[in-house]
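Asker: Put chain B on the given structure of chain A with help from the hints.
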Amino acid sequence: MRLNDDLIESDIAAYLEKHEHKSLLRFITCGSVDDGKSTLIGRLLYDAKMIFEDQLASLESDSKKVGTQGENIDFALLVDGLTAEREQGITIDVAYRFFATEKRKFIVADTPGHEQYTRNMATGASTADVAILMVDARKGILTQTRRHSFITSLLGIRKVVLAINKMDLINYSQQAYDDIVDDFYAFADELATDLEIQPIPMSALEGVNITSKSNETDWYDGPSLMDYLETVPVGDRRLNTPFRMPVQWVNRPNLDFRGFSGQIAAGTIQPGDRVKSMPSGKQSTVQRIVTATGDLEQAIAGQSVTITLDDEIDCSRGDVLVSAEDPSEVSDQFQARLLWMSETPLLPGRRYLLKMGAKTVTATVNAPKYGIDVNTLNDVPAKTLELNQIGVTTLSLDQAIPYDPYDVNREMGGFILIDRMTNDTVGLGLVDFALRRASNIHWQAMDVDRSALAEQKGQKPAVLWFTGLSGSGKSTIANALQKLLFAQGKHTFTLDGDNVRHGLNRDLGFTDADRVENIRRVANVARLMSDAGLITLVSFISPFRSERQMARNLMADGEFIEVYVDTPLSVAEDRDVKGLYKKARAGEIKNFTGIDSPYEPPRAPELRIDTVNNSPEEAAEVILGFMREKGLLNGG
Amino acid sequence: MKNLTHLDRLEAESLHIIREVAAECENPVMLYSVGKDSAVMLHLAMKAFYPSRPPFPLMHVDTTWKFREMIEFRDRKAKELGFDLLVHVNEDGVRDGVGPFSHGSAVHTDVMKTLALKQALDKYKFDAAFGGARRDEEKSRAKERIFSFRSAEHRWDPKRQRPEPWNVYNTRINQGESVRVFPLSNWTELDIWQYIRRENIEIVPLYFAAPRPVVNWNGVDIMVDDDRMPEELRSTAVTKSVRFRTLGCYPLTGAVESTAATLEDIIQEMLLTTTSERQGRVIDADQSGSMEKKKQEGYF
Numbered sequence: 000m001r002l003n004d005d006l007i008e009s010d011i012a013a014y015l016e017k018h019e020h021k022s023l024l025r026f027i028t029c030g031s032v033d034d035g036k037s038t039l040i041g042r043l044l045y046d047a048k049m050i051f052e053d054q055l056a057s058l059e060s061d062s063k064k065v066g067t068q069g070e071n072i073d074f075a076l077l078v079d080g081l082t083a084e085r086e087q088g089i090t091i092d093v094a095y096r097f098f099a100t101e102k103r104k105f106i107v108a109d110t111p112g113h114e115q116y117t118r119n120m121a122t123g124a125s126t127a128d129v130a131i132l133m134v135d136a137r138k139g140i141l142t143q144t145r146r147h148s149f150i151t152s153l154l155g156i157r158k159v160v161l162a163i164n165k166m167d168l169i170n171y172s173q174q175a176y177d178d179i180v181d182d183f184y185a186f187a188d189e190l191a192t193d194l195e196i197q198p199i200p201m202s203a204l205e206g207v208n209i210t211s212k213s214n215e216t217d218w219y220d221g222p223s224l225m226d227y228l229e230t231v232p233v234g235d236r237r238l239n240t241p242f243r244m245p246v247q248w249v250n251r252p253n254l255d256f257r258g259f260s261g262q263i264a265a266g267t268i269q270p271g272d273r274v275k276s277m278p279s280g281k282q283s284t285v286q287r288i289v290t291a292t293g294d295l296e297q298a299i300a301g302q303s304v305t306i307t308l309d310d311e312i313d314c315s316r317g318d319v320l321v322s323a324e325d326p327s328e329v330s331d332q333f334q335a336r337l338l339w340m341s342e343t344p345l346l347p348g349r350r351y352l353l354k355m356g357a358k359t360v361t362a363t364v365n366a367p368k369y370g371i372d373v374n375t376l377n378d379v380p381a382k383t384l385e386l387n388q389i390g391v392t393t394l395s396l397d398q399a400i401p402y403d404p405y406d407v408n409r410e411m412g413g414f415i416l417i418d419r420m421t422n423d424t425v426g427l428g429l430v431d432f433a434l435r436r437a438s439n440i441h442w443q444a445m446d447v448d449r450s451a452l453a454e455q456k457g458q459k460p461a462v463l464w465f466t467g468l469s470g471s472g473k474s475t476i477a478n479a480l481q482k483l484l485f486a487q488g489k490h491t492f493t494l495d496g497d498n499v500r501h502g503l504n505r506d507l508g509f510t511d512a513d514r515v516e517n518i519r520r521v522a523n524v525a526r527l528m529s530d531a532g533l534i535t536l537v538s539f540i541s542p543f544r545s546e547r548q549m550a551r552n553l554m555a556d557g558e559f560i561e562v563y564v565d566t567p568l569s570v571a572e573d574r575d576v577k578g579l580y581k582k583a584r585a586g587e588i589k590n591f592t593g594i595d596s597p598y599e600p601p602r603a604p605e606l607r608i609d610t611v612n613n614s615p616e617e618a619a620e621v622i623l624g625f626m627r628e629k630g631l632l633n634g635g
Numbered sequence: 000m001k002n003l004t005h006l007d008r009l010e011a012e013s014l015h016i017i018r019e020v021a022a023e024c025e026n027p028v029m030l031y032s033v034g035k036d037s038a039v040m041l042h043l044a045m046k047a048f049y050p051s052r053p054p055f056p057l058m059h060v061d062t063t064w065k066f067r068e069m070i071e072f073r074d075r076k077a078k079e080l081g082f083d084l085l086v087h088v089n090e091d092g093v094r095d096g097v098g099p100f101s102h103g104s105a106v107h108t109d110v111m112k113t114l115a116l117k118q119a120l121d122k123y124k125f126d127a128a129f130g131g132a133r134r135d136e137e138k139s140r141a142k143e144r145i146f147s148f149r150s151a152e153h154r155w156d157p158k159r160q161r162p163e164p165w166n167v168y169n170t171r172i173n174q175g176e177s178v179r180v181f182p183l184s185n186w187t188e189l190d191i192w193q194y195i196r197r198e199n200i201e202i203v204p205l206y207f208a209a210p211r212p213v214v215n216w217n218g219v220d221i222m223v224d225d226d227r228m229p230e231e232l233r234s235t236a237v238t239k240s241v242r243f244r245t246l247g248c249y250p251l252t253g254a255v256e257s258t259a260a261t262l263e264d265i266i267q268e269m270l271l272t273t274t275s276e277r278q279g280r281v282i283d284a285d286q287s288g289s290m291e292k293k294k295q296e297g298y299f
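As they're listed, the protein sequences go chains A and B.
Residues in the first sequence are numbered from 0 upward in steps of one, following numbering that gives the first Met the number 0.
Residues in the second sequence are numbered from 0 upward in steps of one, following numbering that gives the first Met the number 0.
Okay, chain A solo, but in the shape it has when bound (with noise of 0.2 Å):
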């Protein structure tokens, strides 16, 4: 490293003292493929005299190999890292980069230009103070930049450097550079209200406005772009909020000792200070802020420390101890925006993991109020959410949180979604706000409950499930099984797929959004059976495991038995009672289970029954036998 700090050889104790007190910026460079990003960056490393004599032998020599500047060095090729990006050009992933001068320390996310890594940019803009967005002077604001502005103020971001590139090429143009500045501005009021943005007219490859002013821009008065970022003020916004510290770890080490691990994440404290635990809301003082190297007098944000706490009150991992004047809300049901982050689409209805801060609760996310059309910021119809679409849409969780706006807090307001099958963080989501509903409707107490209705009727109420191909013989089964239940003197009823498709689900298609909400009213309908105190039986298709262990969670313990009718396609299909095979065969029917749409059989049905071998008699049979062996056919 070739920094010219005399400091250095005269003095280094000196020299690290100060080093070492310096702040520190992170920021995040993106915009459309070929602006220049991976340029300005290693022009920006170049020029801080961080590249090292090895590393710059091997650019040259990489330059003259695959490079794309002639004899010159190609700036970019030291910061495209991965070899598949070498040979495409393109930034595939979102690489971090440090580098320092006199002044700051700077950390820099370097985000991918295309399309499909909309994703890794809204990670880069996730931890970022400032957002520098290139823009090619020769083409102006693309749907790109509008997404990318989009994305960063979406995040959070608040100060932004349009960075308009390659002015070299466009004989350093005031006119067309006012021009992008106007189109941008227009653009960007519609953004955020409290937006600040930076113009610089610059060029990467010629070095013009990186480090210092340069006379090719004599017209331009404001500042170089390595003076802005020196000098920016990055305040820390979150000291001054109150204080807020998701648990991690409990601390217990031995019986006397029991404190609260995790990092501030906003606010101040200090011993004496009244604070809660959330969601529970029990109050307590703060004892002592513990680390390693002594208690402290104060604690701020973004430090990890441990608590103690006067009083022994309940706090776990995923709680969050919050300050007693100002506590944070507590709900279940949120408005949140969400930004896709996964191949596989948004399944409304379906239940995903949401984790924020330490917290991992199940989520179930409905179908979205709508879209946002990234050029126009316009709302537009949305039903589900494809990868890199953003939304608004509702959530449900399994259990309430704590939380605040995401604009208030990050770290309070911003979570990720888990598929529950592949384990993929499949979404990025922005708290808004909480919805009343949950908390103003409230369980009606019936005086004449649930087990006085089954009383009545002499009977254990329960859920059989057939699930099964199209054709395998779920209704066939249902319908003997009903006969003897009847012919017992049981209260029944049976839920067809096809009857209840003309009726309460007339309005629904054969997506797989709409097969998991069909299976998700269904379910509702045969929990309000059950509690009616009627067996219920369930012959749906219903293909996807995670919607029938949906409708088993709803129902209480025992009462959901799932009959895996397991019918081999190849008999199904010979059979092809309403001749739906066929169809779907020669493409007349769209998304038909087992043809062009999965079925996903149980993994641990309570029963499986074998239609090849067995009557639909004699299955009846079987499954009345289990009922008995189970006690659900005993007296209420």
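Simulated from the structure, these hints should not be mistaken for laboratory data.
Computed from a prediction, not measured in an experiment: that's the story for all the values here.
Cβ coordinates follow ideal geometry from the N, Cα and C atoms, glycine included.
Check the hints yourself; a few may be wrong.
Short derived list, chain B residues pointing at chain A, Cβ under 7 Å [as the list claims (entries may be wrong)]: (1) Leu14; (2) Ala22; (3) Lys46; (4) Pro50; (5) Arg134; (6) Trp165; (7) Glu263.
Answerer: The following block gives chain B in isolation, referenced to the frame of chain A:
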């Protein structure tokens, strides 16, 4: 109210990462390489859980060719701090007599390091392993996540990395998969040295200059650490004042001539020097992109 410095922020982020693994993973381990980055990582682990002990063991993948001083330091440090120390050696490699002098650096590293690490992770069924890698070390590292997922075959797929917004980490894995966790991702070499100085962290004396016997092997000065070095090479040894910028297997670790005997001296030398840290390692030299290939194959 005092503002947090760069080092304060890096420390707080690392403690958060280390705690998150302890809270969410079933069977974590901290890979300890005995180097300066490992020393910092160990120090951070002690801080993260204080006054409790870190709830995971240390593991050293021993190629049997490490400097003797490293092994002494390792055993003493683990004992001092009260860690369980697991040492894994690829016994197949030992039986076949694999070593850098007889087999060359590529085969030796593959068998005694990459393969040995996979063996060890499989043997103890660790689902999470901390490593001390930093993003500023090498280009492909710059793009790696803090939580980096490996298939059941220990492979890294750079195109299937999970997004990591804010400080929210998705630690969930499927059966057989594992995650490598890099709490020092955002630290630079200078940050490491400054932190060692600020926190007074003990490091292996090999980092400091001293008169040591070295020989020139394949254009690099290496230290004579034991008599497994071929006699004809050993006989060429001369004593020079040298130190090491990274530590590994002694025949594969280039010494630099230096008189830097204190931390300040080392930092000064580093700031004034003109070659990057990894140049002393033999692995990177063969071709560009070699580290990325090794990572995809399971090298840490």
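Asker: If a hint holds in the structure, say so; if it does not, say that too.
Answerer: Hints versus structure:
no. : hint   : in the structure
1   : Leu14  : holds (4 Å)
2   : Ala22  : holds (5 Å)
3   : Lys46  : holds (4 Å)
4   : Pro50  : holds (5 Å)
5   : Arg134 : holds (5 Å)
6   : Trp165 : holds (5 Å)
7   : Glu263 : holds (5 Å)
Violation of the numbered hints given earlier is absent; every hint is satisfied by the structure.
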